[in-house]
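**Q** What follows is each chain in one-letter form.
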Amino acid sequence: MNTNFDQIYQDLKSGVVDIAKQSFQDYITEAKAAGKSALDGMKDNLQHWAQEVENGALTKDDLEFLLQEEASLEELTALKQTGITAIRIDQFRNAIISVISGTLTSLIKI
Amino acid sequence: MGTLLVLAGCSTISKFDQYAYSQTTAIKVDVLNVMSHATDSFTVHANEVLNLQTEIEKMYEYEKNRPKNTISEKMWMVLRDSTGHLFGGFVARWKKEGKLDEVFVRESQSLIGSSFDQVSQLESGKIKPQQVTK
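In the order they appear, the protein sequences are chains A and B.
Under the working numbering, the first residue of the first sequence is numbered 1, with each subsequent residue one higher.
Under the working numbering, the first residue of the second sequence is numbered 111, with each subsequent residue one higher.
Hints were generated in silico from the structure; no laboratory data involved.
Just so you know, not all the hints are guaranteed correct.
[As the list claims (entries may be wrong)] If you want the footprint, here are the derived chain A segments under chain B, 3+ residues with CB under 8 Å:
no. : stretch
1   : 5-15
2   : 18-28
3   : 51-62
4   : 91-103
[Unchecked claim] List time: in silico DSS-like cross-link candidates among lysine-lysine, alpha-carbon distance up to 25 Å:
no. : chain 1 : residue 1 : chain 2 : residue 2
5   : B       : Lys209    : B       : Lys184
6   : B       : Lys168    : B       : Lys125
7   : B       : Lys206    : A       : Lys60
8   : B       : Lys205    : B       : Lys168
9   : A       : Lys21     : B       : Lys125
10  : A       : Lys32     : A       : Lys43
11  : B       : Lys238    : B       : Lys125
12  : A       : Lys32     : B       : Lys184
13  : B       : Lys138    : B       : Lys209
14  : A       : Lys21     : A       : Lys36
15  : B       : Lys238    : B       : Lys178
16  : B       : Lys184    : B       : Lys125
17  : B       : Lys125    : B       : Lys174
18  : B       : Lys178    : B       : Lys138
19  : B       : Lys174    : A       : Lys60
20  : B       : Lys209    : A       : Lys60
21  : B       : Lys125    : B       : Lys205
22  : B       : Lys205    : A       : Lys21
Cβ coordinates follow ideal geometry from the N, Cα and C atoms, glycine included.
Next up, chain B with everything else stripped away, as it sits in the complex (with noise of 0.2 Å):
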């Protein structure tokens, strides 16, 4: 019986965390709204950008101090990087062009939220806390 219980404790990966299903979604409105201002000038928008940055920063950082969390703290490495091209990515070229088109915009957001959902779907398919012992 022993050897069951200690089996039970054991998983490949996290448990569903609410507080970071709830700021996954959080985020995504937040994200998705200030790229619809991408058609305006960045230096506009610039204040409103970097609080959204330091949200997602606080975020993979509550992500990567998760035990077996591998998979989420990937996920947000990704959308954040100013070098890859989700909403880091997006934010950079903004910034160097100062503004963008619209049909790009557009499109872009579709992708990006698309991206959110894939880190939401995940965190929402994780075994709840109160599944594990049932």
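Next comes chain A alone, as it looks inside the complex (with noise of 0.2 Å):
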């Protein structure tokens, strides 16, 4: 069997960025957007609730748990962008893996 190896290693390498590109690329958009919408609540609330401290609708005290309350809100946030991140990395695996084995397959016909 005459196999050029340097020219599949090279549509190994075209395919493999070629993923990373697509995978990472999406995941930055997505982050970038859950990111402001996540500020863009935060700064609704507070406008929010000062407002009802005023209008006597809300107490001090009130008002300290629903910060604390937010602040809970923003840590599972951060922490679903890191599961999302875990994700993300596998999905990038097994599409790895897949393109390597399609090569290999195809090539040695198994």
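Take the two lone chains and join them into the complex the hints point to.
**A** Next up, the structure:
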């Protein structure tokens, strides 16, 4: 069997680069949107709660509790993002395995 | 080829689990429902709260024992923590103060509802078992 391994290596490298670009570009876009949405939500809440304290609908204790609730929500959001990063790594690994496996399978006809 | 199969079996985080996802969304609905009664005296709803806390404990134990599931486990820990400020902390405050004001309850429902959404969004984003070998 006359196999051009340099060509196979170049094809695999190009495939891996394409997968990396796609996988992580999507993730960066998602993460930026999630971060902006969280900040916007936090700003809206702070303005709204300040108004409610002024109106007497919320006490200072209520406000303090809500601020801590908001901080806990942010902690969960950060944990979710960490989890999504781990998922992207697994998806990236699976995609690379699929490319290599497909190339090798077609090469050695198993 | 053997190496590839071994690599395909490795993962950083647990796979999607339908039971975990369904239970998270169901518990969220029950939590928001119980919270809406927090303007009443805690003692009137104490049994309801206790039953729901038991469901949350069961869910926490389930998540804790899934392999490579530390992040989801940690999320449930934050949600249930009675010294914290999500559902566990909300219940502790309700119990301590007897009843809570309507505006506070409404605002808390929004934050705690979003907190449960973080857990279910992570679960729904996980790789489905049938996608691993594709």
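**Q** All hints are to be evaluated individually against the structure, with a verdict given for each.
**A** So, going through the hints one by one against the coordinates:
no.: 1; hint: 5-15; in the structure: violated (count 0)
no.: 2; hint: 18-28; in the structure: violated (count 0)
no.: 3; hint: 51-62; in the structure: holds (count 5)
no.: 4; hint: 91-103; in the structure: holds (count 7)
no.: 5; hint: B:Lys209 - B:Lys184; in the structure: violated, 29 Å
no.: 6; hint: B:Lys168 - B:Lys125; in the structure: holds, 20 Å
no.: 7; hint: B:Lys206 - A:Lys60; in the structure: holds, 17 Å
no.: 8; hint: B:Lys205 - B:Lys168; in the structure: holds, 22 Å
no.: 9; hint: A:Lys21 - B:Lys125; in the structure: holds, 24 Å
no.: 10; hint: A:Lys32 - A:Lys43; in the structure: holds, 17 Å
no.: 11; hint: B:Lys238 - B:Lys125; in the structure: holds, 6 Å
no.: 12; hint: A:Lys32 - B:Lys184; in the structure: holds, 24 Å
no.: 13; hint: B:Lys138 - B:Lys209; in the structure: holds, 21 Å
no.: 14; hint: A:Lys21 - A:Lys36; in the structure: holds, 22 Å
no.: 15; hint: B:Lys238 - B:Lys178; in the structure: holds, 15 Å
no.: 16; hint: B:Lys184 - B:Lys125; in the structure: holds, 16 Å
no.: 17; hint: B:Lys125 - B:Lys174; in the structure: holds, 14 Å
no.: 18; hint: B:Lys178 - B:Lys138; in the structure: holds, 23 Å
no.: 19; hint: B:Lys174 - A:Lys60; in the structure: violated, 36 Å
no.: 20; hint: B:Lys209 - A:Lys60; in the structure: holds, 16 Å
no.: 21; hint: B:Lys125 - B:Lys205; in the structure: violated, 37 Å
no.: 22; hint: B:Lys205 - A:Lys21; in the structure: violated, 52 Å
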